[in-house]
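**Q** Spelled out, the chains give:
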Amino acid sequence: MKKTGEILDKVISRRAVLKGGAVAAASTVIGAPTVWAQTIKDITLNHTGMSYSVLADIGRQAQKDLGFKIEMSVVDHPGLLNRMANDPNSIDICDMEIWQSKVLVPQDVLHGIEVSKIKAWGDLTPLYTEGTFAGKEVSREGDSPIKFIYREAKDTAGFAKSKTDFVNFVPSVFNADTLGIRPDLTGRPITSWADLISPDFKGKAAIQNVPTNGIMDAMMAFEAAGILKYADKGNPTQEELGATIGKLIELKKGGHFRALWSTFDESINLMASGEVVIQSMWSPAVTAVQTQGIKCTYQPLKEGYRGWGNGLGIVSHVDGIKLDAAYEYLNWYNSGWVGGFIAKQGYYSANPKTAKAALSDNERGFFYEGKPATADITSPTGQKTNSAGDVRDGGSFEERFSKVAVWNNLMDQAEYLYAKWNEFNAA
Amino acid sequence: MTKKTAASYLQVAPLTLVLAMFFVVPIALVVVVSFFRYQMLVGIVRTFTLKNYIDLLSSPTTWALYLSTVKFTLIVLVLTFVIGFWIAYFLVFHVRNLVVAIGLFLLCTIPFWTSNIIRMISWRPILGKEGLINNALIHTGIIDQPLNWLLYSDFSVVVAYVHLFTMFMIVPIFNSMARIDKSLLEAAIDAGANRWGVVWNVVLPLCKTGIALGALFVVTLVMGDFFVVTVMSGGLSGSATSGIFNDLQILNYPRAAANAVLLLIIVLLIAAAIFRLVDVRKELVR
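Chains as they are written, first to last, in the UniProt record's numbering: chain Y, 1 to 427; chain X, 1 to 286.
Treat the hints with caution; some may be incorrect.
Said to hold, decoys possible - Just the calculated beta-carbon pair ranges, DEER-fashion: (1) X:Ala271 <-> Y:Gly246: 34 to 40 angstroms; (2) X:Asn201 <-> Y:Asp76: 51 to 57 angstroms; (3) X:Leu107 <-> Y:Glu71: 39 to 45 angstroms; (4) X:Asn148 <-> Y:His317: 48 to 54 angstroms; (5) X:Asn148 <-> Y:Pro189: 51 to 57 angstroms; (6) Y:His317 <-> X:Ala272: 45 to 51 angstroms; (7) Y:Ser192 <-> X:Ile121: 32 to 38 angstroms; (8) X:Pro26 <-> Y:Gly370: 52 to 58 angstroms; (9) X:Leu74 <-> Y:Glu239: 47 to 53 angstroms; (10) Y:Gly382 <-> X:Phe275: 43 to 49 angstroms.
Think of the hints as simulated: they come from the structure by calculation, not from any bench.
Quick caveat, the model's predicted, so the values are computed rather than measured.
C-beta atoms are modelled at their ideal positions from N, C-alpha and C, and glycine is treated no differently.
One chain only, chain X, in its complex shape:
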């Protein structure tokens, strides 16, 4: 080994160690536990079994939970993309003053100064039966019975997700858009493209990296959530992770671990698909 390679091994060693200790080892443990047997009231019994996986895969509940999670993920992905893209577009191309743009960008982060829980709960007085929207609609005579589907429904779950996660779409898209050379846009217009054509043929393709990264954030956040869905649906909807949470309540670590491994595989597959569409690494060094 030359001196140079030894030095570079030494340089990557700390990161490798940290990753091994706090990432590889825990995940390996989860995988190991997922093959152990569960005994009621005792917890983990160290005998090898495939029962956890067979139980999960053969249970319609698992499929129902995953289906509902995927449904939420797709809806939220589309909404956060549409909203996030246009907010970023506005900030980058319509606000001419850089200071104002940065100011507005920071404005978007204000909700993040409070906790997740506060941001979720604050929807209740707005969406509730006796909430702001229902009261306004009833007093203006548009409806005479409060709309029940505003709160404790799939609708309120999506509202909360979009509110919580759009920022994760805005930031990476903003970042890619800000790096687009404005003269490209002028060139496109000079070449006869209309406004929409510029967005579709120039801006959108050049933001691919940002969109991919944003999508990755949103997908992992929604797929891994059980709290927002429980609070905002009033416990009426579940997610893949809420199945894990329920198993932990009776110390069923093996099945919870098996479920976590399944979830991990699915999220990794989605991530792989996203990276297949966009070579994020190449785009980032561009």
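In isolation and in its complexed conformation, chain Y is listed as follows:
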């Protein structure tokens, strides 16, 4: 019985896929569904990106639903830039953070994706497609998605100022980051980014060693503490960067930082072992600490969040039937399963409609609507993270994203930043 059920599922999903891919199939591919189904089996798409979004489960599920092979490979931020610069043919789907597109798009290694072939485009969050959220313009400080998503034409590798019919990437997952804390060990409520550098937490604080992100957390903290002022945190000047790194070095020499973490698992270990009680953190790391039964809060702060987003680009060398498969995959990505899966690690899908539909009432209430959980909440892999009655840190989806203060970015002065960050590392 189970077997027939599975087969039925496959038939249904295949049909849904064919319906969705009709435009693609009719225009370039052979047309006849049987031939399509046979040839597509031999296709393998390599999806490469960072550990937080390139998850093996997503590839497995896609393979089941779509009928072709998806290979997930994980690299770090510089790793993706290096791979795309030196060996772009080894990647088919480039899962990049928005600011990385700033480097990759001008190198002309990505396709201009036709908006008309993305079937649920209209349902995707306006955060990416319009630059607005809940009817209001979202922060333009830093690399806001709207600045990089559109390109003038299919073959122009650049960024369009206004909406066009071609995009550099299809929106995928995004979130608003803040500080992670151990409420049982901080000994007092945490309300501001300034707490990251508060003397109360000397020797118990950590900051991320990813220069482009770490500097943002530092700027949020120094500005909140009234120590430094920035004209635009999304694009600081050399003087501002110099002053910020100077302050960071002072803190480091004074023993303020217990550690600087560069990988996700390091941040989990620091927090779970109690080495650190307040630090820059990513949402799934908070979830991971919680699954160990340790209290960890992704603390909303009064100055707002540091937003970030990812997009899926198709690498230039992909063509023919493989290109059609790539479009199928992008459409599948925002069709619900991924949205439901990554919601449980604290992220949001670019298609809130399908993502919400993929969650239970309890999960939808907890992750999207800011309601107290009515039953236990579990991580994507099934371990308990929250109990009934808990409310998600930061409230509803709307509440969070209306408070994004600045976006992750690659600033104009990035070269200077990296040189300065080296100084901070060496100090």
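For this one, chain Y is given, so just place chain X on it according to the hints.
**A** Chain X alone, transformed into the frame defined by chain Y:
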């Protein structure tokens, strides 16, 4: 050309080719790239410039990083030598049964059955704030606040280095020591030398080759490392190589290449100095 020389040229040809392809060419490329210009967000621009070298040499950061690397190298060199020498000495002169000696020698290699990363990370539950040592000290009442300097400090970096690299000292020293004729030691004692005198005047000089080779391994490993130092210092210390790694993050290949060339020169100088002290080639064929 006689037949004989032609044959020997033919015999060295494969090795020469392999070395040329996988060693000379890549290094030549690194040197070439180090003189190219870097443009933000683009990468390499093929115009000649000395800027990379001038930037590096005039930056206090470079000096600070190299200084810290040299500091670690020296400390680790001394510790691995002291520990490695005595372990080898014990294995060669105190364990009389050859099978037992080989067994103990293999025991030293057991940590190498796991990965580098596991060996490093396993120090965390031992050295951490709530780790084995801190807990033991607190529960026995010796201290009342956990010692922070045990982990994420220079101390933990040195501990990890010594743990990882002592083996590279033991093996070559063991090898030289095993070849010392035991009757030499007896002769020395007969001639009135005490135990310490034997070690100092007989064993140590005869192990020079092993010590030099071991030192070379340790120096190159520590100088070329950025991973151990990053993980064990919690990112609070850097090394010469971590500067290279940071440059690669924004595709600054030219400056990374220039830094690599500098590092190569320094390591070659150290190697030359070591070889100057000991004629390894002569000692090896002894």
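**Q** Decide, hint by hint, whether the structure agrees.
**A** Going down the list of hints, with the structure as the test:
In this structure the hint that alanine 271 of chain X and glycine 246 of chain Y lie 34 to 40 angstroms apart at CB holds, the actual value being about 38 angstroms. A hinted range of 51 to 57 angstroms for the beta carbons of asparagine 201 of chain X and aspartate 76 of chain Y is consistent with their spacing of about 54 angstroms. The supplied range of 39 to 45 angstroms is met by leucine 107 of chain X and glutamate 71 of chain Y, whose beta-carbon atoms lie about 41 angstroms from each other. A hinted range of 48 to 54 angstroms for the beta carbons of asparagine 148 of chain X and histidine 317 of chain Y is consistent with their spacing of about 51 angstroms.
The hinted range of 51 to 57 angstroms is not satisfied by asparagine 148 of chain X and proline 189 of chain Y, whose Cβ atoms lie roughly 25 angstroms apart. Judged by the Cβ atoms, the range 45 to 51 angstroms given for histidine 317 of chain Y and alanine 272 of chain X holds: they are separated by roughly 47 angstroms. A hinted range of 32 to 38 angstroms holds for the C-beta pair serine 192 of chain Y and isoleucine 121 of chain X, which are about 34 angstroms apart. A hinted range of 52 to 58 angstroms holds for the C-beta pair proline 26 of chain X and glycine 370 of chain Y, which are about 56 angstroms apart.
The hinted range of 47 to 53 angstroms is not satisfied by leucine 74 of chain X and glutamate 239 of chain Y, whose Cβ atoms lie roughly 38 angstroms apart. At roughly 59 angstroms, the beta-carbon separation of glycine 382 of chain Y and phenylalanine 275 of chain X lies outside the given 43 to 49 angstroms, and the hint is violated.
Hint violations for this structure: numbers 5, 9 and 10, all remaining hints satisfied.
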